[in-house]
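Asks: Construct the complete structure from the given sequences, taking the supplied hints into account.
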Amino acid sequence: MRHVVCASTRYFSCSMSVLALLMAVPAVAQEAQDAQEAQPSRGFDEIIVTATRREQNLQDVSVAVTAVSQERLQTANIADLQGLQVLVPNISFGNDFGVAKIFVRGVGTNTSTNGSDPAVALYVDGAVIARPEAQFTGLFDLERAEVLRGPQGTLFGRNAVGGAINLVTAKPTEELSGYARATVGSYKNVLLEGAIGGPVVDGLLYARAAVRVNERNGFGRNNFTGSDVDDLNAKMGRVQLLVDGGGPVTALLSAEIYEQDDRSAAIKYKQDAYPGFPTLFSFGRGGYATRPRDLNGEFDNRFQNKTHSFTGTLTWEMNDNVTLKSITNYRKFNEQLLQDLDMSATVNSLATTGLATTIQNRNPYSRQFSEEVQLLYTSDRFNATVGGYFFDETFGTLPNTIGLTPSGGQATNNAVLAAAGFPTGNPPPARFNTLRSEQTAKAYAVFGEASFALTDEITLIAGGRYSKEDRTLANAGRIIARGGLGPVISVNAFDEASFEDFTPKLGAEYRPTDDVMVYYTYSEGFKSGSGELTISANPIIGPETIRAHELGIKTELFDRKVILNIAGFVNELEGLQVNRTIFDPVAGFLTVYENATRTKAKGVELDFSWRVADGFRLDFSGAWLDSKFDDFSANDPLDARNVAGSPVFAPVNVDLTGNFTRYSPKWSFNIHPQYDATLSNGGTLTMSTDISYKSRQFHTEFNRPEMSTPAYTLVNASIRYTTPDGRVSGQLFVENLFDKLVEAGTFAVSTSRALGRTFLPPRVFGAVIGYKF
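What the sequence shown shows, in numbering that gives the first Met the number 0, is residues 0 to 772, in sequence order.
Think of the hints as simulated: they come from the structure by calculation, not from any bench.
No experiment lies behind these values; they were computed from the predicted model shown.
Ideal Cβ placement from N, Cα and C applies to all residues, glycine included.
Keep in mind that the hints are not guaranteed to be accurate.
What the hints assert, rightly or not - Here are the simulated EDC-like cross-link-like pairs (lysine to aspartate or glutamate), alpha carbons at most 16 Å apart as the crow flies:
{"no.": "1", "residue 1": "LYS187", "residue 2": "GLU258"}
{"no.": "2", "residue 1": "LYS771", "residue 2": "GLU214"}
{"no.": "3", "residue 1": "LYS269", "residue 2": "GLU742"}
{"no.": "4", "residue 1": "LYS187", "residue 2": "GLU214"}
{"no.": "5", "residue 1": "LYS627", "residue 2": "ASP583"}
{"no.": "6", "residue 1": "LYS599", "residue 2": "ASP625"}
{"no.": "7", "residue 1": "LYS467", "residue 2": "GLU437"}
{"no.": "8", "residue 1": "LYS441", "residue 2": "ASP513"}
{"no.": "9", "residue 1": "LYS305", "residue 2": "GLU258"}
{"no.": "10", "residue 1": "LYS234", "residue 2": "ASP261"}
{"no.": "11", "residue 1": "LYS441", "residue 2": "ASP379"}
{"no.": "12", "residue 1": "LYS627", "residue 2": "GLU571"}
{"no.": "13", "residue 1": "LYS599", "residue 2": "ASP630"}
Said to hold, decoys possible - Each pair of labels, with its calculated beta carbon distance range:
{"no.": "14", "residue 1": "VAL385", "residue 2": "LEU550", "range": "45 to 51 Å"}
{"no.": "15", "residue 1": "GLU705", "residue 2": "SER378", "range": "55 to 61 Å"}
{"no.": "16", "residue 1": "ALA492", "residue 2": "GLU173", "range": "55 to 61 Å"}
{"no.": "17", "residue 1": "GLU705", "residue 2": "ILE47", "range": "29 to 35 Å"}
{"no.": "18", "residue 1": "PHE557", "residue 2": "GLU70", "range": "20 to 26 Å"}
{"no.": "19", "residue 1": "SER378", "residue 2": "ARG597", "range": "20 to 26 Å"}
Replies: Structure, rendered in structure tokens:
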């Protein structure tokens with residue numbers, strides 16, 4: 000039985016209690032008004048970012064960047080990357096099969112198969128997390144998160160065609176400091192987080208340690224086994240040592256660990272893939288769960304994710320103008336995803352139903368090393384960054400299986416293997432699709448960007464990047480064809496390829512006044528070609544390249560009481576890397592991984608902040624996006640004419656010109672009102688709401704309604720009290736107030752001829768108590 004803090008009969012009333020508390024804002028505001036003298040509102044403080052590799056006021060950066068502070072992350076209860084899409088315009092997040100899919104301006108990861116690189120780069124203190132499977136890291140003990148929209152390459156070591164997210168961690172401090180936070184909430188959610196830092200040896204050595212532990216019951220359950228589904232059991236920690244003797248050289252060493260072991264990440268049944276075609280029935284028929292967040296499987300799914308990372312940052316301030324910096328990183332990643340792809344309690348085996356089992360055991364891994372060296376020059380009129388970058392990664396899968404495993408109900412098929420000349424053993428190696436694949440990537444790059452102020456009003460920007468990347472791909476395995484009846488097909492494929500490209504950047508800034516900046520940039524981006532780790536995949540395919548124009552204006556008005564930023568962009572992407580799987584009666588499924596010819600996108604983004612009165616602010620961010628295929632045709636996996644063995648089999652391609660790209664909502668916005676009321680005792684009561692909207696997002700290039708997320712609106716709200724000294728705080732919150740059922744992703748599961756899906760969290764609420772020093 001599912002357990003939550005508020006049982007289902009009281010669930011709605013608990014949420015309404017939180018809402019009623021928030022509705023008490025007028026009374027609290029009146030108390031605050033009586034407790035303090037009327038005074039004019041003050042303007043916004045400056046936000047300092049390092050998006051250009053040097054500290055700058057956000058309003059002085061000619062890049063579309065959103066900075067989310069630690070306080071904003073905490074008040075909005077943003078615990079992972081998925082939550083950022085509520086706060087940042089033109090960013091979407093999907094997930095299935097343990098793969099994070101981050102999209103910025105319609106550019107992102109278009110595959111659920113291991114092997115492809117992400118289009119949006121994720122950094123922690125400048126060190127990249129290369130695998131999309133490893134991007135499920137928690138957002139803890141951060142100074143801020145910076146989201147850069149558009150191609151990146153002239154300032155960052157690892158290039159990206161879509162954008163970059165840089166997580167800036169809190170660093171060791173000269174004085175003892177830290178915090179502790181405890182959260183309890185619905186679904187028996189318990190989150191404990193804390194950090195402590197300060198001097199170890201005064202004037203020389205400083206340290207900081209941070210940890211987070213989060214456990215929660217599931218949002219659904221497995222009706223067959225009674226176990227939770229989509230629960231959470233995650234632990235993470237970070238230790239940093241800063242050597243700073245007051246001289247020109249400092250060294251920062253950081254070690255980070257992330258571990259997750261729970262029953263999340265499994266896809267849930269949505270509908271049959273081929274309704275109206277009885278011979279193309281889904282393999283799980285008769286055994287599906289009736290509630291969308293539930294599963295009904297004969298065994299429990301499992302998701303394990305382990306990451307260890309070590310980063311060393313050496314900084315040498317050679318003089319007042321020149322700084323040399325080195326970022327060295329090693330990251331180790333392992334994952335296991337165990338699930339039943341028929342999403343049903345129906346036990347398929349040759350002995351019971353005549354069908355292969357659909358149990359998937361997926362085990363990707365990665366070992367990556369990177370070295371980045373930067374030389375930075377700063378002066379009143381001229382600023383420059385020059386860098387070199389080396390990246391070396393080996394990533395692959397330990398033996399993967401789909402179907403015919405003894406644990407999935409198939410006792411043996413030794414006879415078929417023996418007849419084909421394969422060795423047999425005890426327990427028998429009875430596997431329908433066994434895979435041991437590995438891909439290597441070695442990347443070399445030199446990059447740089449410079450800005451020169453011709454006058455006090457006009458600044459010119461120029462930069463470029465040369466990238467070279469070498470790839471190898473080895474896929475090996477065997478398929479017991481016809482669902483385990485034979486014959487046995489052995490696959491041992493190898494491919495290698497090299498890619499190189501030069502991507503320039505040009506721009507100009509115009510400042511007619513101190514409070515207004517108009518800018519234009521032209522930039523290009525490059526993502527290397529790659530292969531996929533599956534025996535039915537194509538060889539290494541070609542790269543993605545993008546050409547981007549951006550015109551923007553950043554303004555600070557009325558003594559910084561109003562901040563208004565607008566950016567318009569036009570992108571043209573060549574060679575979009577896309578993946579799809581198609582049911583096959585011999586191999587079970589076939590994977591197609593190819594380059595689309597061209598996509599084009601245009602859009603407008605707006606960020607608006609208004610200090611309405613002292614203590615009251617209103618934030619609005621919105622985006623309009625038109626991202627479509629310009630020239631592409633492909634065969635639709637959900638068209639029965641493309642399925643071998645169907646009664647209407649006659650393969651046909653569909654012209655996709657004009658179709659929307661994946662995860663590209665035409666409209667998205669966030670409204671965030673916040674009121675900080677100073678009470679008579681000097682404490683502060685902060686009341687805030689986030690209202691976020693996204694229009695329909697398609698999950699495939701075929702723009703099928705059943706493979707999309709319809710338009711939705713989410714409402715989050717919180718109320719927080721902080722003591723007069725700012726040390727102790729207590730908060731009540733509710734997320735997804737109206738309990739919207741929102742699909743984070745959908746997937747055509749060719750193995751079982753069904754559609755699966757994952758979800759954003761349901762309504763959750765809770766309380767937080769915090770202490771900082």
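Asks: Now, for every hint given, state plainly whether the structure supports it.
Replies: Taking the hints in turn, this is what the structure says about them:
Distance hint between LYS187 and GLU258 is unfulfilled; the C-alpha atoms sit about 20 Å from each other, more than 16 Å. Restraint check for LYS771 and GLU214: the C-alpha separation of about 23 Å exceeds 16 Å, so the hint is violated. For the given pair, LYS269 sits about 10 Å from GLU742 by alpha-carbon distance, which is consistent with the 16 Å threshold. This hinted pair checks out: LYS187 and GLU214 have alpha carbons roughly 8 Å apart, not beyond 16 Å.
A threshold of 16 Å between alpha carbons decides the hint, and for LYS627 with ASP583 the separation of about 29 Å lies outside it, so the pair is violated. At most 16 Å may separate the alpha-carbon atoms for a hinted pair to count; LYS599 and ASP625 meet this at roughly 8 Å. As the CA atoms of LYS467 and GLU437 are separated by approximately 20 Å, the hinted pair breaks the 16 Å bound. For the hint linking LYS441 to ASP513, the alpha-carbon distance of about 45 Å lies beyond 16 Å, and the restraint is violated.
Only pairs whose Cα atoms come within 16 Å are accepted, and LYS305 paired with GLU258 is accepted, the gap being roughly 5 Å. For a cut-off of 16 Å, the pair hint linking LYS234 to ASP261 stands: about 11 Å separates their Cα positions. Note on LYS441 and ASP379: the hinted pairing is violated, with a Cα-Cα distance of about 38 Å set against a maximum of 16 Å. Only pairs whose Cα atoms come within 16 Å are accepted, and LYS627 paired with GLU571 is accepted, the gap being roughly 10 Å.
Between the alpha carbons of LYS599 and ASP630 the distance comes to roughly 10 Å, so the proposed pair stays at or under 16 Å and holds. Judged by the Cβ atoms, the range 45 to 51 Å given for VAL385 and LEU550 is violated: they are separated by roughly 27 Å. Checking the proposed 55 to 61 Å range against GLU705 and SER378 shows it holds: the Cβ atoms sit about 58 Å from each other. For ALA492 and GLU173, the Cβ-Cβ distance of about 56 Å falls inside the hinted range of 55 to 61 Å, so the restraint holds.
The supplied range of 29 to 35 Å is broken by GLU705 and ILE47, whose beta-carbon atoms lie about 46 Å from each other. Checked against the hint of 20 to 26 Å, the pair PHE557 and GLU70 passes, with Cβ atoms roughly 24 Å apart. The hinted window of 20 to 26 Å between SER378 and ARG597 is violated, with their beta carbons roughly 42 Å apart.
In summary, the numbered hints that this structure violates are 1, 2, 5, 7, 8, 11, 14, 17, 19.
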